[in-house]
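Using the hints provided, position chain B relative to the given structure of chain A.
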Amino acid sequence: MADNAEILSGLAEIVEEVAGIDTAEVSAEKSFVDDLDIDSLSMVEIAVQAEDKFGVKIPDDQLAELKTVGDAVDYIAKNQ
Amino acid sequence: MTGRLRLPPAVPGARILGLGSVQPDNVVTNDDLAQRMDTDDQWIRDRVGIRSRRIADDQTLLVDMATDAGALAVKDAGLTPAEIDTVIVASCTMPNPIPNAAAQTAHRIGIGTPAAFDLNAACAGFCYGLGTAADLVRAGSARHVLVIGAEKLSDWLDWDDRSTAIIFADAAGAAVVGPAADDESAGIGPVAWGSAGDMARAIHITDGSRSRAGGALLQEGQAVFRWATTQIAPVALRAVELAGLTPGDIDVFVPHQANLRIVEAVAKRLRAKGARQDMVVADDIVHSGNTSSASIPMALDHMRADGRVASGDMALLVGFGAGLSYAGQVVVLP
Chain A
1 MADNAEILSG LAEIVEEVAG IDTAEVSAEK SFVDDLDIDS LSMVEIAVQA EDKFGVKIPD
61 DQLAELKTVG DAVDYIAKNQ
Chain B
1 MTGRLRLPPA VPGARILGLG SVQPDNVVTN DDLAQRMDTD DQWIRDRVGI RSRRIADDQT
61 LLVDMATDAG ALAVKDAGLT PAEIDTVIVA SCTMPNPIPN AAAQTAHRIG IGTPAAFDLN
121 AACAGFCYGL GTAADLVRAG SARHVLVIGA EKLSDWLDWD DRSTAIIFAD AAGAAVVGPA
181 ADDESAGIGP VAWGSAGDMA RAIHITDGSR SRAGGALLQE GQAVFRWATT QIAPVALRAV
241 ELAGLTPGDI DVFVPHQANL RIVEAVAKRL RAKGARQDMV VADDIVHSGN TSSASIPMAL
301 DHMRADGRVA SGDMALLVGF GAGLSYAGQV VVLP
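For the protein sequence lines, the chains are A and B, in the order given.
Each residue of the first sequence is one higher than the one before, counting from 1 in my numbering.
Each residue of the second sequence is one higher than the one before, counting from 1 in my numbering.
So that you can see chain B by itself, here it is in the shape it has in the complex:
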């Protein structure tokens, strides 16, 4: 002991050990929505690229989905719940602020007495959580961190508002972060993150009782679209640079599944800066809708199941949304 306080030994790096995700069984198609509001399948597909989404029933809680996705990720990592010492739930749609989602989710999974906290960076939440988890592991504060993005957006939607009801949906996605034995096996690059509080009103929940939970989610569509299509590619490119890579090194691009047109616009900007034409670009929104913090880990999990990505692939993640907040990093897929 050289200083006055003993500090935990640091490890060379962190990596993702496992993934998991769940969606409600209930599929809501564009035609289903057209029956209750003035819209149609073509209109929705043209504007947001969504064909169907999954909406939870009244009895399914956000923590139910968080629990199922988290348990799958722990299993996928080859760990037992007892080996998890920290749980982070990224969410912006808990029905009440207290208690948090993380502690009860951990308990339900069978994780005894972990450090457990929620993090609200909305649609950037998973990447915020992943960056935090990687640094906790690297600093020796945690060994195995379960990061879960879980959202029940349907509770906060005005189901008569076609500008939001067609977009958002419910799901949970999770990843387990653990130590890398050496520099060579480190699999989570530095996080490029930030916020734009001057645009706080661009995505917000109103006062009142327009949704099941209370106020309703509102979004200034054009302002958010402009911000996302111009400001997010630079964040993604900064994450690549921080990891000591070039855009051509990226095998898979997984931006938050906000709107297929934003996904395509950002991918186009990355390709203009040297990303490969054959870079796989996540399009999970088509059948999942916009699930906020759940969208990135769920897209990874689905793409792995479909064989579109493989272990060892270099994936560029970038989340962005209400706050406004944004975060991105390069990861090596487990």
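Only chain A is shown next, with the shape it has when bound in the complex:
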């Protein structure tokens, strides 16, 4: 089981690969849409990779609730 810091760094790597955003930019308070400019299809790609990496399920309706990077980290930590 990964702790929150490990989840954040793993998630940042996924965001970098999918959206080309430097891992340093991907911090907990950032909004995926408003701050990182990630669109809904890239969010799906991030979710699919996060599912593989952390062994969680992130359905589309749940994905819509994950507004910030911190929301995603908390969700993964709770559901892994």
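If you're looking for bench data, these hints aren't it; they were derived computationally from the structure.
Positions of the beta carbon are idealized from the N, C-alpha and C atoms, including for glycine.
One or more hints might be untrue.
Here are the in silico distance ranges between beta carbons for each label pair [what the hints assert, rightly or not]:
id, chain 1, residue 1, chain 2, residue 2, range
1, B, Gly274, A, Asp34, 31 to 41 Å
2, B, Val286, A, Asp60, 25 to 35 Å
3, A, Asp35, B, Ala200, 34 to 44 Å
4, A, Asn79, B, His287, 35 to 45 Å
Here are the simulated lysine to any residue pairs, SDA-like style, with alpha carbons at most 25 Å apart [unchecked claim]:
id, chain 1, residue 1, chain 2, residue 2
5, A, Lys67, B, Gly307
6, B, Lys268, A, Val48
7, A, Lys57, B, Ala202
8, B, Lys268, A, Lys78
9, B, Lys268, A, Asp39
10, B, Lys75, B, Arg138
11, A, Lys53, B, Asp183
12, A, Lys53, B, Arg261
13, A, Lys67, B, Asp38
14, B, Lys268, A, Gly20
15, A, Lys57, B, Asp198
16, B, Lys268, A, Val56
17, A, Lys57, A, Ile38
18, A, Lys78, B, Gln222
19, A, Lys67, B, Trp43
20, A, Lys53, A, Ala64
21, B, Lys273, A, Glu51
Chain B in isolation, oriented as in the chain A frame:
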């Protein structure tokens, strides 16, 4: 005669003998769409990779496009219409269920009294039709099958809905399937196909009168994107395996042109499983939009015209879409 019924002699295999495709003349750019709905060129290119598409006028019927594409494929195969004995039209956008498209299309091409039927597997329709045609030929039920994917999606679009109007377009693409003289010249591999009816609502046409034809095509974008980017590469890999090949044997990858990002995501997964970096990947959607069952044969025809593929190339086809339905096979290009 050994059994109680006489059966036709089977042939060793089937292959594609010819290709053809047509699009309407009317080019609709992203800027054209931006004038009538809240969108812009960059937004569309970022999300679906489309720069322009072709939209038929009111007078052009689906069967007009099917006829023109089919006639070109018959000619390309070096055959006369009289030599075609079966016509399959894959389509999900006929304005009325009766009569079907296949019989009237055959008649217009000058094919006398063929077996003629429509097949609706939406964007997987061409690969379903190709697999069916190959088996009809192999079993001796048909000798030369004309398979046409034809769609007039513009009839079923709500032109105020930017989530669909930017994506779909009109076209027809066709292939002629005929017998292979021996195992060595067989050119259509076994079909890997299936469906996911639990996701039927993910792409559907509504009741009502929101389009020229009636209801409007709706798509749950995220759900379909997730399904396509995760479930279609395994189908494609199964088609490769069924043909006794490995991903590294594939010269050309032609997935249904649904969305350039899906095309690229699936190609990436195939390369992670051994497909070559220099494998040519179809990107016909950029100037054609998503034309459902027409997209695969049209992409092949365009890539051949551009010199990006050559006769004898090993091409991996995979169609996927409403149903949900999917089908793929490896073919040797004519």
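Could you work out which earlier hints the structure fails to respect and list their numbers in ascending sequence?
Hint check: 5, 8 and 11 fail, others pass.
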